[in-house]
Amino acid sequence: MRRFTCCIFIAIMFSNSLFAQSSNSKFIKWQTPSFFRGYNVLNEFPKTLEDIADLKASGANYAMLGCFGFQDVDSPYTVKQNYIDEIDSLVKYCRTVGIYYAIAVRQGPGRRDVYLESTGLANKSTIWKRPDEQNLYASMLKDITSRYLPDSLFAAIIPIVEPNPLFDDTAYPPELFKNKLDAEGIIMKDIYSLFIDSIRTVSTDIPIVVQNVSYSSAEYFSILEKQSDHFTVYEFHSYRPQAYTKQEAPNTKTYPGMYFSIEWFSNMLHDKNFFKTTIYEFVIAFQDSHHVPIVMGEFGVMKQQNGGIQFLTDLSDIALERGWHFAYWDWRRGDGMWNYELMGADYWNAVKASFIKPTTSVSLDNDIIPNEFRISSYPNPFNPKTKIKIFSPVNDFLTLKLVNILGQEITTLFKGEIFSGQFEFELDSEKLNLSSSPYLVKAAFSNSKFQPLVHKIILLK
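Numbering (the working numbering), first residue to last: 469 to 929.
Since the hints were made in silico from the structure, they are not lab data.
Please note that the accuracy of each hint is not assured.
Unchecked claim - Calculated cross-link-like contacts (lysine to aspartate or glutamate; reagent style EDC-like; alpha-carbon spacing at most 20 angstroms):
(1) K825 to E877
(2) K494 to D650
(3) K494 to E693
(4) K929 to E885
(5) K524 to E585
(6) K694 to E716
(7) K657 to E643
(8) K820 to D519
(9) K820 to E877
(10) K924 to E885
(11) K929 to E518
(12) K610 to D665
(13) K610 to D658
(14) K714 to E585
(15) K771 to E731
(16) K597 to D665
(17) K646 to E731
(18) K560 to D600
(19) K924 to E877
(20) K917 to E840
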């Protein structure tokens, strides 16, 4: 593989920064592609030892345990022994059957459960602008971590589930969402740093899973900032398209199918390729830029739908191709929703198959030749520069063009021979005198069988 330059910077990227972390046996599992595969487990419908034993028997090795915290949400923030007892029982079941688990903290001082909050069943959380509550919550996280630390099956702590500081303002595009957070003085990276620092007082190396704003939706990874902590994992949730995944009437929606896309603000064909190239675009870019473990922490379909088996298979297959860990939503929910055991043998067999399929990815330490032609960018939206990454599985002649949203060509970014591997191009909007707008990057090989790619970037000044 060779390195070369033109008017735009290009470099071959290698990652070996994770070798120094090899002494952390728990984090090594997160570095192992798709090692953790399982389910979210909540006690809203009480679970038994048999439930957890059956989960392991299905082939799963991971339970993401929903925890309602150790303290009350409101002042005087008293200890909630019933919540402690609930999570203790789930942990005991996991230990008994021998299944890895993470503790996913759903509420605590100043923070109410996101589901109750979003449905109007609880008042809005106050933690986002209350340093006193943030410190109390951080101290609670330390206590939770310390309680389960001796257990080798304790795989990670998830400090806060679906942080939603702007409540239900999810109609904002990510870049405007970030601007509004800044205007409100809510800096999620700083809040997470406080939580992480508190956890690190009792454990220097327990893996910590960071979720993102706006229900941890994949699209909002474009504004997610990497934490400085060396043992962090990053989690997104996947319920797109909601008209399909959360449709209450069974067998009334179809996948693949046309659904509204918040990325394109129009109806688009949702299929496996659309998930890979559009919905998961920023998760993939974040993973490729930072070389960090990723977990698809919630996904599924609420009721049987046309193409539902293919939908579940496509999403789990993408996770395996990318080396992501994953957890379905939601194990043996008592009202029957999201319950693939009850949807029929074909659904349940598809889920069980995802637990044992081999991953086609490799560990984060290795330099690899990609197995697909792909394009990503980071940051996106950007100002004034962004890096465009090309993943080439072949040696071929590549043409890379920048066009405006009307399809009019602005410039040829690159034209020449490349070799199998990963290549980065830096695009400088100031040198090209670009104005704030969406743009399209078009990549095409001359000789190979791979179809041309179109990638949307947004310049936001």
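Do the hints match the structure? See the list:
{"no.": "1", "hint": "K825 to E877", "result": "violated, 43 angstroms"}
{"no.": "2", "hint": "K494 to D650", "result": "violated, 35 angstroms"}
{"no.": "3", "hint": "K494 to E693", "result": "violated, 23 angstroms"}
{"no.": "4", "hint": "K929 to E885", "result": "violated, 33 angstroms"}
{"no.": "5", "hint": "K524 to E585", "result": "violated, 32 angstroms"}
{"no.": "6", "hint": "K694 to E716", "result": "violated, 36 angstroms"}
{"no.": "7", "hint": "K657 to E643", "result": "holds, 16 angstroms"}
{"no.": "8", "hint": "K820 to D519", "result": "holds, 15 angstroms"}
{"no.": "9", "hint": "K820 to E877", "result": "violated, 48 angstroms"}
{"no.": "10", "hint": "K924 to E885", "result": "violated, 23 angstroms"}
{"no.": "11", "hint": "K929 to E518", "result": "violated, 56 angstroms"}
{"no.": "12", "hint": "K610 to D665", "result": "holds, 9 angstroms"}
{"no.": "13", "hint": "K610 to D658", "result": "holds, 17 angstroms"}
{"no.": "14", "hint": "K714 to E585", "result": "holds, 18 angstroms"}
{"no.": "15", "hint": "K771 to E731", "result": "violated, 25 angstroms"}
{"no.": "16", "hint": "K597 to D665", "result": "holds, 19 angstroms"}
{"no.": "17", "hint": "K646 to E731", "result": "holds, 16 angstroms"}
{"no.": "18", "hint": "K560 to D600", "result": "violated, 33 angstroms"}
{"no.": "19", "hint": "K924 to E877", "result": "holds, 14 angstroms"}
{"no.": "20", "hint": "K917 to E840", "result": "holds, 11 angstroms"}
In summary, the numbered hints that this structure violates are 1, 2, 3, 4, 5, 6, 9, 10, 11, 15 and 18.
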